[in-house]
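For the record, the sequence lines run as chains V and Z. Sequential numbering of the first sequence, starting at 1, is according to my numbering. Sequential numbering of the second sequence, starting at 1001, is according to my numbering.
There's no promise every hint is true.
As the list claims (entries may be wrong) - Estimated spans, in silico, between C-beta atoms of each pair:
| hint | chain 1 | residue 1 | chain 2 | residue 2 | range |
| --- | --- | --- | --- | --- | --- |
| 1 | V | Gln17 | Z | Ser1012 | 29 to 37 Å |
| 2 | Z | Gln1045 | V | Lys57 | 44 to 52 Å |
| 3 | V | Ser66 | Z | Ala1078 | 41 to 49 Å |
| 4 | V | Thr2 | Z | Arg1057 | 24 to 32 Å |
| 5 | V | Arg81 | Z | Ala1078 | 46 to 54 Å |
| 6 | V | Arg64 | Z | Arg1094 | 35 to 43 Å |
| 7 | Z | Ser1026 | V | Arg15 | 32 to 40 Å |
| 8 | V | Phe74 | Z | Gln1060 | 38 to 46 Å |
Note that these hints are calculated values from the structure, not bench results. Don't be surprised by glycine CBs; every beta carbon is placed ideally from N, CA and C.
Now for the letters of each chain:
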Amino acid sequence: DTGVSQDPRHKITKRGQNVTFRCDPISEHNRLYWYRQTLGQGPEFLTYFQNEAQLEKSRLLSDRFSAERPKGSFSTLEIQRTEQGDSAMYLCASSFSGQLAGYEQYFGPGTRLTVT
Amino acid sequence: GESVGLHLPTLSVQEGDNSIINCAYSNSASDYFIWYKQESGKGPQFIIDIRSNMDKRQGQRVTVLLNKTVKHLSLQIAATQPGDSAVYFCAEGRAQKLVFGQGTRLTINP
Chain V
1 DTGVSQDPRH
11 KITKRGQNVT
21 FRCDPISEHN
31 RLYWYRQTLG
41 QGPEFLTYFQ
51 NEAQLEKSRL
61 LSDRFSAERP
71 KGSFSTLEIQ
81 RTEQGDSAMY
91 LCASSFSGQL
101 AGYEQYFGPG
111 TRLTVT
Chain Z
1001 GESVGLHLPT
1011 LSVQEGDNSI
1021 INCAYSNSAS
1031 DYFIWYKQES
1041 GKGPQFIIDI
1051 RSNMDKRQGQ
1061 RVTVLLNKTV
1071 KHLSLQIAAT
1081 QPGDSAVYFC
1091 AEGRAQKLVF
1101 GQGTRLTINP
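Let's have the full structure, built from the sequences with the hints guiding it.
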């Protein structure tokens, strides 16, 4: 399978705990994006990386959210001190930037977070 | 407490008919637009995109129309099949950021 992969697929945690999600993009893609999707809504942009540089993070929901892509390959999204309102699907996407690149972002299956 | 999702607009079509899904976007400065299909429990799947300087683009069984005057986007699916059942989202792109619309749930009647 050469698509975007995310781990874990489901996470149940208690309020106040920290959680970390991992995303592995399509191997030749240099851009990586994180989105959040709540029930009945479209995905909401959070942040993105080009290689290891985080170029846009103003949409991260609070200072409890942070993302890294240390080697320009996989990325992690961490939520500290989780709250019930953090319950959502967290989606990762990747794309290629280059002369012949299109606009499409390819999404992974998501990590569903439930905070109890 | 109970979590209740917002009611998605829905479209029901007969198998074999054509489907037209509409979307209004908000920012006239958007550079491009993309249609995504999302099946239950899966991430969004790319269908087709269109640059802001175009008004029509065709793919396999799909056509996207862009009307910048009224900031309207549509997706036409020809000969709708059961496998087309999903939620369809339009997204407007500005730089590297996608802004998604609310989505339309397409159901296929046999």
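These are the hints, each one checked on the structure:
1. The beta-carbon spacing between Gln17(V) and Ser1012(Z), approximately 42 Å, falls outside the hinted interval of 29 to 37 Å.
2. Checking the proposed 44 to 52 Å range against Gln1045(Z) and Lys57(V) shows it is violated: the Cβ atoms sit about 26 Å from each other.
3. With their beta carbons about 45 Å apart, Ser66(V) and Ala1078(Z) fall inside the hinted range of 41 to 49 Å.
4. In this structure, Thr2(V) and Arg1057(Z) meet the distance hint of 24 to 32 Å, their C-beta atoms being roughly 26 Å apart.
5. Take Arg81(V) and Ala1078(Z): their Cβ atoms lie about 50 Å apart, and the range 46 to 54 Å holds.
6. The hinted range of 35 to 43 Å is not satisfied by Arg64(V) and Arg1094(Z), whose Cβ atoms lie roughly 26 Å apart.
7. At roughly 34 Å, the beta-carbon separation of Ser1026(Z) and Arg15(V) lies within the given 32 to 40 Å, and the hint holds.
8. For Phe74(V) and Gln1060(Z), the hinted distance range of 38 to 46 Å is not satisfied, since their beta carbons lie about 32 Å from each other.
Violation of the numbered hints given earlier is confined to hints 1, 2, 6, 8; the remaining hints are satisfied by the structure.
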